[in-house]
Amino acid sequence: MEKVGFVCCSGFKRLAAFGGTFYRYFKAEKGGQVPRPYFITGASAGAIASAVYLPWTEENFTKATKAIMSLKKKDIYNFSHWLELYGAMSLGESMLNFIPALHRDSQQTLYGRILLESGRTALSVASKFWLFWEFLKQPSIFSSEPLRQLLRNSQSHLDFDGIWNSDIKLEIPAANLKTAKMEYFTNYLPEHRQAPNRNDLLVDWVRGSSSMPAFLPAIKIGHRLLDDAALLDNLPLNRAIEAGCDIIFVLIFRPYLEKIFLRSDKITWVEELNRAMDLTIGRSTELTLQRHQEINNDLEIIEQLEDVADKSNQDSIKVLLSKLSTHGRKKTRIIPVWCEKSLPSLTFNKFDPEALQKGYELGYEAMDKTLSEIIKF
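So the sequence shown is numbered by this note's numbering: it starts at 8 and just counts up by one.
Hints may contain errors.
Claimed, not checked - With beta-carbon atoms standing in for the labels, derived distance ranges:
no., residue 1, residue 2, range
1, Glu301, Arg159, 38 to 46 Å
2, Arg43, Glu368, 22 to 30 Å
3, His164, Ile274, 35 to 43 Å
4, Arg200, Thr275, 40 to 48 Å
5, Arg155, Tyr118, 50 to 58 Å
6, His334, Leu208, 36 to 44 Å
7, Glu198, Ala129, 53 to 61 Å
8, Asp168, Trp276, 37 to 45 Å
9, Pro203, Glu279, 38 to 46 Å
FYI, nobody ran anything at the bench for these hints, they're computed from the structure. Ideal Cβ placement from N, Cα and C applies to all residues, glycine included.
Could you put together the complete structure from these sequences and hints?
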């Protein structure tokens, strides 16, 4: 039986699409058309989807999809308490106008009014400058606490028993900012399965993998400081290959380097940062996919040359082939899953609940097309 793996790339707008893709494959598996998945992994939002859709059952698909379709902006994008404090200070400043002693009345001298207004303005500017300075020292604009609560919520939390007992191997990657290396949390390694706080570790590892720099904070776990997996490996194809997968579905949906429509050359810093990260991560994803496709091509040629060497008794050719960097590697079938249409945006300034449903449908259609036109088991 061939071992099938799923590799999910990053991008929050892909979260619902992952669900649609998984469910279409699940239906094909139940119909006896495709093998059961053997391995699942994903970076950033792909890590969230990889975890929440285990165990691979109809009941869990229904629950996980309902939770994702019900997401609201506050479930993901919750301002840190420093911005809340800023709002409270602004409100407090406005309330000063209701204090009779501070009103501008005819009993105050011109000098007194100038002094009062100057003092109030100085206090306002100083407090806001202090707050801005403190905010610059904060780990992120938004808090990841809503995501933690969502994953632990009684109505939509991870099915921990199902994850640990699943026959599908799960890996959650994250970038360790201290060591500049990728690290992984799994549902199959003994040190992870036997950890007394394994459920909390799984939730925190997912939070770490999906921590977008500046927007969501890095997660401290012991001596580790975990951040967005996409920083080092947006497409952990090598993990699926090392796990022994023969066929790997790469869930990208749309290329990161696709063109977008900008209304003008003037964009906000948020839009610029999002676009810059898309381009940077997209180039990394493109090169990773290209590299593994080239490795498969080289392995195909090596097999043909080895066959020629066997028939002609040319041991010298075999020696030369053994020196190639790709010699001895496992040949895999890599299948990118694409959408015809772009996925709708789900950034905090463009969060549209209808986009979740649209993303789910596009993911379902993408896998349906893949199964009908490409895969021949």
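Self-check item: Numbers of the earlier hints that this structure fails to satisfy, in rising order
Solution: none
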